[in-house]
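S.K.: In order, the protein sequences belong to chains R and L. One point on numbering: in the numbering used here, the residue at position 243 of the first sequence is 244, and numbering is uninterrupted. One point on numbering: in the numbering used here, the residue at position 86 of the second sequence is 91, and numbering is uninterrupted.
Sample of chain R residues at the chain L side, in silico, Cβ under 10 angstroms:
id	residue
1	M47
2	F110
3	E129
4	M188
5	P263
6	V268
Computed list of lysine-lysine pairs in BS3-like fashion (alpha-carbon distance at most 25 angstroms, straight line):
id	chain 1	residue 1	chain 2	residue 2
7	R	K273	L	K192
8	L	K265	R	K137
9	L	K10	R	K192
Rather than coming from a laboratory, the hints here were simulated on the basis of the structure. Where a beta carbon is used, it is the ideal one built from N, C-alpha and C, also for glycine.
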Amino acid sequence: MVERRPGLNLLTHLILLIGVAIVAFPVYITFVASTHTAQEVVQAPMPLVPGAHLVDNYTTALLGTRTGHGSKAAVGRMMFVSLVSALIIAIGKIAISLLSAFAIVYFRFPLRMLFFWAIFVTLMLPVEVRIAPTYKVVADLGMLNTFAGLTVPLIASATATFLFRQFFLTVPDELVEAARIDGAGPMRFFKDVLLPLSATSVAALFVIQFIYGWNQYLWPLLVTTDESMYPVVIGIKRMIAGGEAQQEWNLVMATAILAMIPPALVVMAMQKWFVKGLVDTEK
Amino acid sequence: MAAEKRVVFRSGWLPWLLLAPQVAVIGVFFFWPAGQALLQSLQQSDAFGTSVEWVGLDNFRQLWADETYIASFRTTAVFSMLVAVLGIGVSLLLAVFADRVLRGATVYRTLLIWPYAVAPAVAGVLWLFMFAPSIGLVSYALGSLGFEWNHLLDSDHAMALIVMAAVWKQISYNFLFFLAGLQSIPKSLVEAAAIDGARPWRRFWSIQLPLLSPTTFFLLVINVVYAFFDTFGIIDASTQGGPGKDTSILVYRVYHDGFKALDLGGSAAQSVVLMAIVVALTVVQFRYIERKVTY
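Isolated chain R, as found in the complex (with noise of 0.2 angstroms):
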């Protein structure tokens, strides 16, 4: 702050405010909308505040009771669905991720810069552009609704692959060298040494990994179609069906909260390393 100026301090906490009320209000609804009946939701206008039904809505949806049309999946199961292939895809993407820079800085061989261009190229591949034959690839290795066909084909990661190659290369040689002296090999190294000083690295990329692993859509949606294998996400969607004013609204918003708490806790106790994963990665 460089002058005072009591009136521009207003308008900057006005402002701020209407922009954290506009963000929040979405949620807010949704969260309105999880705690009523399914009647008091469709009756336009709906409650603006939160009615008596939370814990019927949230035990209904979370054991899958319900009646009515679309999916009745269990929410419970599919949080779990999330949560494993979420946690599969963030530590299998770092792991393999920290080993093939690990080979690309430490060692030299044939072919390594080859290696090192192709895992960068797959940055221009995203799942996107690619979607029927990778598709055709996994129902060939019979992988459809498994955990592996939800989280393998996610896992290769140039970007985490870029930012670990980085990191290696501004670790002092004089590390190595001590190593090597103390009798220790290329294995215990990377053990011992490279990934203590990784830890914040990893940190910063797991809360980013976890986040797109816990929001993957299109991919799911492909691979999945038994009930007991859907993710969250594609959970709410698939419960969507029929004519707007027959959903059970009041069950679809608490699914949507729950999925929105695992991803959001994640970011707000992990802020630190939240914000220096965006940053590293730029993504």
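Starting from the known structure of chain R, fit chain L onto it as the hints suggest.
M.R.: Coordinates of chain L only, in the frame set by chain R:
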């Protein structure tokens, strides 16, 4: 990229073993399918997959002759420009004001960044629910003001709906980068201008905005990429490309033609077009990153 390690380990087999998982995944799930897409774009197969014939560039010719595909290009361009410009404008406004706040800045930041965590498809459902013609709260409010909202019939309304949902989700990302950019501007510059009598508005236009231009350009590219590729969930959950094909952006169309209409050759040709677009966008992005180093 020229940097190399002076000290390395020696092993004939270990680096291959370390690379194996990543190479296996990119080989099987990236390069093989991408190659297939290239091949299929030159072939025509019937819907049952019993016969395949080589048709050269016919699939591409059909695409260019298809008015709805050209229209889909236009839709994508309009959509991504709206998302980028609105998203950048709103976040810049919020970031400039958040940069002024002394106390409570982290509170505002926390309250503004979490939509990043919301899945695009969930964002689509949230906005669909608010704007649903018969039951939505906002559409009801608009109705009582005499404005008839119906995104199922009016394509401008449908476009507005997906733009709002996409911008809402992207604000947090842009905001963080703008805030970081603003905070890295040396305080002495702003103070010197204030001593010379420049008021906040003038300081914004003459100092902060020009110094933010690398950030703005970077965000422009990122937002266009986002609008092109990461908004599939928003569209599929809210408008499903409708009414007609008026919100069917390129990525939605590849999916629709490949999986709903089962036109594999046409879908593959579209994939190839999209790959060309990604390559172009990536080149733009990396040329910029090279320049950023000299700033």
